[in-house]
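A.B. asks: The residues making up each chain are set out below.
There are 2 protein chains.
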Amino acid sequence: MKLIKGLDDLLKKNFNIVIKDKSLLDEAFTQASYVNEHPNENLKFYERIEFLGDAVMQLVVSDYIYKRYTKMPQGRLTRLRAAMVNEESFASFARECHFDQYIRLGKGEEKAHARERDSLLCDIFESFIGALYLDQGVEPVRAFAAQVIFPKLDEGRFDEFFDHKTELQEVAQKNGPVSIDYELLDENGPDNDRAFKVAVKIDGKELGVGVGHSKKNAEQGAAKQALLKLEPDQA
Amino acid sequence: MKLIKGLDDLLKKNFNIVIKDKSLLDEAFTQASYVNEHPNENLKFYERIEFLGDAVMQLVVSDYIYKRYTKMPQGRLTRLRAAMVNEESFASFARECHFDQYIRLGKGEEKAHARERDSLLCDIFESFIGALYLDQGVEPVRAFAAQVIFPKLDEGRFDEFFDHKTELQEVAQKNGPVSIDYELLDENGPDNDRAFKVAVKIDGKELGVGVGHSKKNAEQGAAKQALLKLEPDQA
Chain A
1 MKLIKGLDDL LKKNFNIVIK DKSLLDEAFT QASYVNEHPN ENLKFYERIE FLGDAVMQLV
61 VSDYIYKRYT KMPQGRLTRL RAAMVNEESF ASFARECHFD QYIRLGKGEE KAHARERDSL
121 LCDIFESFIG ALYLDQGVEP VRAFAAQVIF PKLDEGRFDE FFDHKTELQE VAQKNGPVSI
181 DYELLDENGP DNDRAFKVAV KIDGKELGVG VGHSKKNAEQ GAAKQALLKL EPDQA
Chain B
1 MKLIKGLDDL LKKNFNIVIK DKSLLDEAFT QASYVNEHPN ENLKFYERIE FLGDAVMQLV
61 VSDYIYKRYT KMPQGRLTRL RAAMVNEESF ASFARECHFD QYIRLGKGEE KAHARERDSL
121 LCDIFESFIG ALYLDQGVEP VRAFAAQVIF PKLDEGRFDE FFDHKTELQE VAQKNGPVSI
181 DYELLDENGP DNDRAFKVAV KIDGKELGVG VGHSKKNAEQ GAAKQALLKL EPDQA
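Those sequence lines, one after another, are chains A and B.
All the letters of the first sequence, read from the start, carry residue numbers 1 to 235 under the UniProt record's numbering.
All the letters of the second sequence, read from the start, carry residue numbers 1 to 235 under the UniProt record's numbering.
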């Protein structure tokens with residue numbers, strides 16, 4: 001079949017992956033709408049494989065961040081995993097891998113631009129992972145993630161997560177809303193080498209102080225210190 | 001250390017498991033409250049390992065039910081997994097494994113009967129799984145689950161999930177409340193061999209009919225037929 005042949009070449013060329021059981025690829029890239037339009041072909045659609053792929057990916061990402069951030073406490077690990085494993089990021093990975101071009105859709109879904117929809121692309125990314133896992137086990141999935149997902153951490157794709165101010169907001173407000181204020185304590189030095197000192201207060205209580213050559217950097221430092229107080233095992 | 005020595009013997013005797021890196025067991029069975037009371041011992045508590053154990057268990061259970069129920073659609077697989085992987089069932093597995101006796105708790109937590117609390121026992125079950133995975137990989141976790149978890153399916157522990165009436169309620173109401181009514185259509189035969197015929201109606205529309213020697217059995221049959229209509233790929 002042409003579709004799967006092209007996908008086969010793509011996987012071999014870009015990821016050095018050869019799926020032995022081609023029927024798994026067929027299943028992983030076929031939407032229910034296509035099956036419904038071809039009732040006599042005895043086709044399967046991706047949903048069951050996706051169920052499995054989702055679990056495999058959760059494990060592979062959990063394992064990676066657990067070992068990479070050896071002091072990161074559970075709460076942050078959970079939030080980092082959620083930042084990496086979600087519809088938006090998986091859809092973008094699917095696009096980067098050109099998986100969108102190989103999905104078998106029914107005509108109605110095609111017309112409705114399902115091929116561009118994040119929810120479908122995320123599903124297909126997970127069902128591909130499921131197929132790879134069923135064909136070859138966990139390790140090849142880990143190797144694939146090491147090409148497609150893990151480098152994104154260093155490329156800054158999840159930097160919002162590592163933004164201390166955002167993080168502090170999440171941690172401080174997990175049990176309900178609180179006020180978080182940054183207060184400029186001091187500012188001195190010449191214009192080209194100015195230094196700022198900022199405190200962060202949560203519900204009026206000072207929890208951290210930071211210094212930096214910009215207000216933003218000083219605020220990040222203050223937020224980091226506050227995080228260390230709120231979650232003492234913070235990495 | 002006595003605690004871990006006893007645990008070591010238990011694991012060897014009951015599950016033929018020998019954890020090579022004993023520090024993983026220490027970590028997996030130690031609560032933060034204990035660490036806080038022993039600040040000079042450089043101890044770790046279980047939460048990070050539990051994060052990993054949770055993901056491993058999700059995969060191992062997903063893989064098992066995916067392969068065992070080869071036609072069960074994704075929605076049911078997800079619900080069955082949720083019925084198996086949750087605080088209550090994991091806490092009961094922890095008790096059956098006698099893990100509760102080996103948790104290191106702070107004095108306050110001990111007094112507050114934390115050792116009997118489902119949430120802690122579930123955590124410890126997952127952190128043990130995390131330790132086993134870190135020490136030996138996925139396969140030994142699968143073997144452990146094959147002893148402790150999977151047989152529960154045949155023992156009827158999750159029969160509520162396989163109850164067609166309960167299942168129909170969940171499926172039919174996933175997009176909002178609907179009325180589900182069972183209606184006795186016919187009843188005949190002698191008292192010791194009575195036969196019942198029941199229809200199930202969802203929002204007034206008949207979706208299934210069942211027969212049986214009790215009303216309950218006939219209702220189950222009707223619910224099963226309705227499920228097949230609502231989710232045609234139902235196993």
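Because the hints were derived from the structure by calculation, they are not lab data.
The reader is advised that the hints may include incorrect statements.
The list treats identical chains as one, so a pair stands whether inside a single copy or across any two.
Below, in silico cross-link-like pairs of lysine-lysine (BS3-like), each with a Cα-Cα straight-line distance of 25 Å or less [said to hold, decoys possible]:
no.	residue 1	residue 2
1	165	216
2	22	224
3	44	197
4	107	229
5	174	71
6	5	165
7	111	44
8	44	229
9	71	20
10	22	71
A.B. asks: Given a CA cutoff of 25 Å, do residue 107 and residue 229 count as a within-copy pair, a between-copy pair, both, or neither?
C.D. replies: between (56 Å within a copy, 24 Å between copies)
A.B. asks: As a check of your reading, is residue 71 near residue 20 (CA-CA no more than 25 Å) within one copy, between copies, both or neither?
C.D. replies: between (39 Å within a copy, 22 Å between copies)
A.B. asks: Using 25 Å as the alpha-carbon threshold, which applies to residue 44 and residue 229: within, between, both, or neither?
C.D. replies: between (52 Å within a copy, 18 Å between copies)
A.B. asks: At most 25 Å between C-alpha atoms: does residue 22 with residue 71 qualify within a copy, between copies, both, or neither?
C.D. replies: Answer is between: at 19 Å across copies they meet the 25 Å cutoff, but 42 Å inside does not.
A.B. asks: Which holds for residue 174 with residue 71 at a C-alpha limit of 25 Å: within a copy, between copies, both or neither?
C.D. replies: within (21 Å within a copy, 40 Å between copies)
A.B. asks: 25 Å Cα cut-off: does residue 44 pair with residue 197 within a copy, between copies, both or neither?
C.D. replies: neither (61 Å within a copy, 35 Å between copies)
A.B. asks: If the cutoff is 25 Å on CA atoms, where do residue 111 and residue 44 land: within, between, both or neither? Let me know, please.
C.D. replies: within (22 Å within a copy, 55 Å between copies)
A.B. asks: Within a copy, between copies, both or neither: where do residue 165 and residue 216 come within 25 Å Cα-Cα?
C.D. replies: So residue 165 and residue 216 pass the 25 Å test inside one copy only (10 Å; across, 58 Å).
A.B. asks: Pop the pair residue 22 and residue 224 into one bin, within, between, both or neither, using alpha-carbon distances up to 25 Å.
C.D. replies: neither (49 Å within a copy, 34 Å between copies)
A.B. asks: When no copy is specified for residue 5 and residue 165, does a C-alpha distance of 25 Å or less occur within a copy, between copies, both, or neither?
C.D. replies: neither (48 Å within a copy, 45 Å between copies)
The earlier numbered hints that this structure contradicts are 2, 3, 6.
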